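Asks: Below, each chain spelled out in residue letters.
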Amino acid sequence: AQKVTQAQTEISVVEKEDVTLDCVYETRDTTYYLFWYKQPPSGELVFLIRRNSFDEQNEISGRYSWNFQKSTSSFNFTITASQVVDSAVYFCAYTGGGNKLTFGTGTQLKVEL
Amino acid sequence: GAGVSQSPSNKVTEKGKDVELRCDPISGHTALYWYRQSLGQGLEFLIYFQGNSAPDKSGLPSDRFSAERTGGSVSTLTIQRTQQEDSAVYLCASSSDRGGSGEQYFGPGTRLTVT
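Sequences listed follow chains A and B, in order.
For the first sequence, position 16 matches number 16 in this note's numbering, and the numbering has no gaps at all.
For the second sequence, position 43 matches number 43 in this note's numbering, and the numbering has no gaps at all.
FYI, nobody ran anything at the bench for these hints, they're computed from the structure.
Since the model is a prediction, treat every value here as computed from it, not as a measurement.
Hints may contain errors.
Have a look at the derived ranges for each label pair, beta carbon to beta carbon [claimed, not checked]:
| no. | chain 1 | residue 1 | chain 2 | residue 2 | range |
| --- | --- | --- | --- | --- | --- |
| 1 | A | L113 | B | S53 | 46 to 52 Å |
| 2 | B | A54 | A | D18 | 43 to 49 Å |
| 3 | A | K3 | B | T76 | 27 to 33 Å |
| 4 | A | D22 | B | G72 | 38 to 44 Å |
| 5 | A | A1 | B | S87 | 24 to 30 Å |
Where is the CB? At the ideal position from N, CA and C, for every residue including glycine.
Generate the whole structure from the sequences, applying the supplied hints.
Replies: Quick look at the structure:
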């Protein structure tokens, strides 16, 4: 069965620091998709990125970047120059195309002034 | 455009009562999902609807849970004879992807408290 592990339960940083959120997955699927979602204090899950298993190219979107490495089954998320508004719970998720998302347990990020 | 909406936002019910939770997906999205988020269990898949196909009910925790989707749009999740362990936030999501691998857009959730 597929499994997503986010070993970091909580991370605290000071504003402007860079922070990396780790995500490791287990699967026997050859085709699969990985996601990151943000859940701010308001509670609504916000889609950030989707990656398929055939595309290992890293992606950058503003202060956000993602590093996908099949060799280590990891899909890590880095926030550069963190801001207080980045404070949220971040979830990594997986699907093998079987229509449901399997979520990790989430990482609570706290960015302080 | 309008996102996924859910109602009610909060529901408090007594143990043993039935509850209905509603989800309005993004217009045109053929896929609709229900998830549950609780402290002890994290985010769990419950059920998936895709167009007119038979739903994937593999995540429903017991036969007290059921869901339907009328006209390929609005969905209702029903919990019969609620128990305290049903207390959670119930999240609905929709997607335009027909293959089950596209990004899902989530609603604000319904917080259910069973007393």
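Asks: Looking back at the hints listed earlier, which ones does the structure fail to meet?
Replies: none
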